[in-house]
Structures are given as C-alpha cells and as structure tokens.
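Protein chains: 2
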Amino acid sequence: MYRNLRIVPYLIFGRGSYAQLGDVLKPRRTGSPVVFMVDDVHKGKPFISRLPMEGKGLLLFVNVDVEPKTKYVDELTAQVRTLSSRQPDALVGIGGGSTMDIAKAVSVMLTNPGSSADYQGWDLVKHAAVYHVGLPTLAGTGAEVSRTAVLTGPVRKLGINSDYTPFDQIILDPDLLEGAPADQRFYTAMDSYIHGAEALRGTFINEYSRAYAETSMDLCREVFLEDLDVAVADEKLMIASYFGGLSIAYSQVGVCHALGYGLSYVLGVRHGIGNCIIFNHLEGYYPVEVREFRDMAAKHNIPLPREMTRGLGEHQMSEMIRVALSLDLLWQNALGPDWKKIMTPEKARDLYLRM
Amino acid sequence: MYRNLRIVPYLIFGRGSYAQLGDVLKPRRTGSPVVFMVDDVHKGKPFISRLPMEGKGLLLFVNVDVEPKTKYVDELTAQVRTLSSRQPDALVGIGGGSTMDIAKAVSVMLTNPGSSADYQGWDLVKHAAVYHVGLPTLAGTGAEVSRTAVLTGPVRKLGINSDYTPFDQIILDPDLLEGAPADQRFYTAMDSYIHGAEALRGTFINEYSRAYAETSMDLCREVFLEDLDVAVADEKLMIASYFGGLSIAYSQVGVCHALGYGLSYVLGVRHGIGNCIIFNHLEGYYPVEVREFRDMAAKHNIPLPREMTRGLGEHQMSEMIRVALSLDLLWQNALGPDWKKIMTPEKARDLYLRM
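Sequences listed follow chains Y and W, in order. Under my numbering, the first residue of the first sequence carries the number 1, and numbering increases by one thereafter. Under my numbering, the first residue of the second sequence carries the number 1001, and numbering increases by one thereafter.
None of these hints come from the bench; they were simulated from the model. The structure displayed is predicted, hence computed values, not measured ones. Think of the CB as a built atom: it goes at the ideal place given N, C-alpha and C, for glycine as much as any other residue. Each hint should be verified, as a subset may be incorrect.
What the simulated footprint calls covered on chain Y by chain W, stretch by stretch (three residues with Cβ under 8 Å from a Cβ of chain W suffice, anywhere in the stretch; the number is not a length) [said to hold, decoys possible]: (1) 99–106; (2) 198–205.
Ranges between beta-carbon positions, derived for each pair [to be verified]: (3) L58(Y) to K1347(W): 56 to 62 Å; (4) R15(Y) to L1304(W): 49 to 55 Å; (5) P1027(W) to D118(Y): 44 to 50 Å; (6) G313(Y) to T1030(W): 46 to 52 Å; (7) D1023(W) to A19(Y): 52 to 58 Å; (8) D1227(W) to M53(Y): 56 to 62 Å; (9) R86(Y) to P1027(W): 27 to 33 Å; (10) T1030(W) to I342(Y): 45 to 51 Å; (11) T1111(W) to G55(Y): 30 to 36 Å; (12) P1027(W) to R221(Y): 38 to 44 Å; (13) D1328(W) to L225(Y): 58 to 64 Å; (14) A19(Y) to T1082(W): 46 to 52 Å; (15) K1056(W) to R221(Y): 40 to 46 Å.
Work out the full structure: start from the sequences and follow the hints.
Have a look at this one:
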C-alpha cells in the first residue's frame, strides 16, 4: 500500500512573480475578505505596499520569533473570524517555514471545529480548508510543498498532516529571498540538504524520493561550495527547498529531525538552526553528509552553536528524549523497524549531551 | 508574466501500485460508469482481469498503431456517450503516451461540445473534464504529467493544451513497464532524454526546468550507460519520464520535436522512434547530447532507421516543412526570437533530406 501523494497543484516560479498574486486571487474573489498573513520581519518592506488588497483585504502580521504553537494558531483563527463574519475567499501566507505552516494551519482551522491541537497527527482533518496560497521568503524548509503544518502543542511538537493542509497554489519568487541574514539563509537552506540526507540514508527510500533528494542536495552543493552569483544561487535554493520537500513526501525525515523536534520542544530552538546544531554531531549516521555540511558552513563562516544542553535539568532532558523518541515513523525510516533496540533513551541522551 | 503551472495533484509511485486503482476510484463512484481505455497491445494480459470493473465498468481497447487523430478521439467520445447516457464517474487511461493522450482528450471532449480539432491549441477548453486517471505502461513521453494531449488533426499535429487536460491522478507502477519490446522501450525513454536536452539548450530555461531536465537525463544515463538491474532501471525510467515531462512544463521542446511533428504528420512515424531518427542528425544543435544518445543506442543494439525521406514527393516534403515551421514557440525556445532567420524552409528541407 503506497501513499497517494498530494502535490501542490499550481506553481509559479520566477523573479518578480510576486506581482502575479493579484491575478491568482482574482477568480477566487466573491466579495469576502482575502487574508494576508505576513511574517512581521517584513513590516515596512516595499513589497508590502504592493499586496493586492483590493476589496476587503485583511493584513495580519504574524510573529514567529518562537516556533508556531497551536495556541497561536487558535488565536489567529479566532482573530480572522472576529474581523469577518464570512469565510475568507482566500488566505495568503508570506514568510519562512513557520509562517507557511501558520497559514496552512489557520486555513484548515477556519473550516474545522475545535483547537488545532486536536488535529496534530495524521489525517484527522475532516473538512476542506479555505483556499490558501504560499509565498516563501526563506528557502529550505519545503513547507511550501509539504503536507504538514508543524506546530508545538500542549503535549508535543507534531504536524497537522492531511490532504487539506498543502497550499492550493504557491508562488516561488526568488526576489523575496533577498535581505535574509546570511546565517538564517544558511540554516534554513540546510533543512533541505538534511531532508535529502535523511531521505537517501533512510529505509523508506524509493526512486521518486531519491531523484528529488539527490537533486536537492546537488543544488545546495552548487550554492554553498561553488562561487555562484547570489542571484542565481537564490533561484537554485528555491528549487532545492521545493525538491527537498518533495523528497520527504514519499519517504520521511530521520535522526536529525527527530532529535530536532525534542530540542525545539524543550528549548524553543528554531528548526533551521536546531537541525544544524544536531546534524553537526551525527557523523555516526550521515558520515559523508556531515563532513560536507561542515565544509559548507566553514566556507560561509556560519557559526554552529555548541553546549546547548549544558546545565539542562533532568526533567527537561527527559522531556526532550520523550518527544524525540515518540516520533516512531522518523526512527523507522532512519534505523528500520527495530529502531528501539538501537536508539535507546540512553543513546538519545548521549547524543543530546554532546550538543 | 510567468506561466501558472498546473501539476497533477495526486501521484502514487511503486511496484504493484496498480492494485490501488480500485481504492482511488471508490470515492468517485456515484453509480455512473467508469470508463477504462487500455492500449490494445495489453489485451489478454493478466492485469486486465484485475481491472476494478465493479458497478458499471466500461472497458474500451484503443488502437494506437498510428498516432492519435482528432477523428479517433471524436469517435471514442461518441462511443462512450452511446454506451452510457450519464457522464462517466471517471475515465482511466492505461498505455503509452498515445493512450494517455487519448484518455486525456476524451475526458475533455465528454464535457465540451464540437470536435477535438476545435481545441487543438492553447487554452481553448471551456469546461472541466471528466475526472481522469493515468497509468503509463511505457516510460518516456511525460504524457502522464503534461498539460497537453497531442493529436493529429485535419490541418496539423498539435496538442489540446489546457489546465483541464492533465490527469487528476496518476499511478506510476513500474511493474506495468514489463514486457515492452527493447526497441520501443528505448525509443520512448529517449523522449525524456530529448526533452531534457531541448529544455537545457533552450532559451526558455529556468532553474525549475534545469533541475528536472538534468535529473531526467542523469536517470537515462544510469539506465542506458550503466549496468543496472532491469527492475531498478524500470523504476528510474518511470521517474525520468515524469521529470522530463515537468522539465518542459516550464520551458519548451525544441528542434527535434518541431521536426518530429512534421515527420509524423506526413509519414505517420511514431513519436518515439521519430524523435530518435531526427535527433541522430542534430549534432549541430545538441552536440554532446547526440553523441551520448548514439552511445546509448549502440550499447543496447537499437537500430536507428535511415533514409526515411528518400523518394518523398515535393508535396509531402512541403507539408512536412510547413507543419514543422508552424510551431513558433518550439523554435523560439530552440533558436531565440529571430528563429525564422536561422531555420529557413531551405534549412529544414536540408535536415529532412538527411533522414
């Protein structure tokens, strides 16, 4: 029994394609509002003034200084409901992976009852989401194409995985990547590199995932090991992210992401940098890839924080291990069906203590 | 202004995934027939007896000894209408690129008035097609993912290009590739190799198309220049075809396909072998790729017919040139906006005379 992949059915790629957002929304407009959710780091940027706000446009800046929480998604959903008695004609998310995931989650929650925490898991969503469009301003997470909206809830960090979660349309405009700090650009890009490594070394791999994963990693190599013009590099990064997202659609992430979920649940470490911190210690699982990752970081003078877990209390450490080891599918992919014999709580603790 | 790519929104990949066709159709069944259009070379094969024919299944074998014609599509559409007064719940196409294109075209014609010849061109289709599913049994054409259904009409060979043309679902089961004759397998696979070459050497190329084209060509190289197990090779070919189709979604084909349209319009040469015959003479346009193509053909002892145009009358030759040079977009991609100064009717004639 193979998964029936849900693939984002409309895609525009190209510099300046942001200008086509108005055209994309036009056939959706029935007189209800269109909601724009934009990462608040973009406040005041010129592209904001070019948002197609005609009719009842609602602009909400979202804050993603911390990773998205189910509580925040519920608040934003309530806010949209308060601002408009009618269901929006569309919801547009503009930002990095966190903003993408918030936009996806709110689109789902506008048409489904209860709290977003109720839908963390697989295929729990019952009703089709509000039509939603994604425009990434960071490249690497693959959130623009993934079937999940990763949220931190009261008891776990886990995505809303459903056929209704993915965007109905994405616009991949490399111009929107400009201005991101070099560190953040690197950490986020490495998410797709790590997706590729985890897919290729995983037990779930097939030729579909392999083709996407290898190409995504090749693009990262070109960008961070060769000396490309930054304009070309950004275009390649955008495709690396898209391909990285598709590579795990048919496989799974692995050791790094599983440990990363624990780290970010307990310490609130952002996904991109968290992955980089962890991956740096995973030579045992991804030997070639970790060496190459270090070369890329070194070439671009990217700091890799250490001693993240120093002085951590026992309760926090246990929580971190609990969250990481709860991700059965990720460990199955990484280490096979008998993963529990390999990745014991002691082994996970040992890995965390090195970080 | 960038194209808004329509991408097949559901995909299943894997050996034996054919068995999931029944599950895929289940939510679509309302009591109307489901139409199965299957290439008649598959008559009597075991998988036919496993078609999910429950309820009102209609099995139509289609003949693609010649390339699909608008007249044939119109006849099949009429046949479906005669067999059922109600619109089918779904239409399933199982076969090579021609069968895929017929299934796509009939799905469109069931909901649109007139002849399929009226819709040859770009975005002429007004009404959504009947829900349609594609299962390729040959890999290379990319017809499983393309936005076109290529048909030979009374005045031209040209596709029905529209957002309603692509399949709603594809099932890529490498088991279905088994049993194809070695020559046909090669000729068809080379379609995706040539798609890659034409995309990469074309002027419309962007990083999206580049990533798909390079990966598709790499997969063809693995399959035909290395010594892979045939089972793995078929899996890779299936992805090469899918990626090749996506590579031209955002660019265009080029010299080989333009000349191929002329060749097949006048001589009825099948698309796959026609491309191979022509590509073999295009060193001037795709030098490295043509050499590599010859290596692949030689390694697998694939004959490349010659002297196709020997003894051709002047009327036929003029028609061939007319059809080939009418494909403005393809030539623009291959040779730039001033292509008419480069690819004159004399030059096209010269190329055809070599074949």
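To see whether the hints hold, each was checked on the structure:
no.: 1; hint: 99–106; in the structure: violated (count 0)
no.: 2; hint: 198–205; in the structure: violated (count 0)
no.: 3; hint: L58(Y) to K1347(W): 56 to 62 Å; in the structure: holds, 58 Å
no.: 4; hint: R15(Y) to L1304(W): 49 to 55 Å; in the structure: violated, 41 Å
no.: 5; hint: P1027(W) to D118(Y): 44 to 50 Å; in the structure: violated, 24 Å
no.: 6; hint: G313(Y) to T1030(W): 46 to 52 Å; in the structure: violated, 59 Å
no.: 7; hint: D1023(W) to A19(Y): 52 to 58 Å; in the structure: violated, 42 Å
no.: 8; hint: D1227(W) to M53(Y): 56 to 62 Å; in the structure: holds, 60 Å
no.: 9; hint: R86(Y) to P1027(W): 27 to 33 Å; in the structure: holds, 29 Å
no.: 10; hint: T1030(W) to I342(Y): 45 to 51 Å; in the structure: holds, 49 Å
no.: 11; hint: T1111(W) to G55(Y): 30 to 36 Å; in the structure: holds, 31 Å
no.: 12; hint: P1027(W) to R221(Y): 38 to 44 Å; in the structure: holds, 42 Å
no.: 13; hint: D1328(W) to L225(Y): 58 to 64 Å; in the structure: violated, 40 Å
no.: 14; hint: A19(Y) to T1082(W): 46 to 52 Å; in the structure: holds, 49 Å
no.: 15; hint: K1056(W) to R221(Y): 40 to 46 Å; in the structure: violated, 54 Å
Hint check: violations occur at hints 1, 2, 4, 5, 6, 7, 13 and 15; the rest are consistent with the structure.
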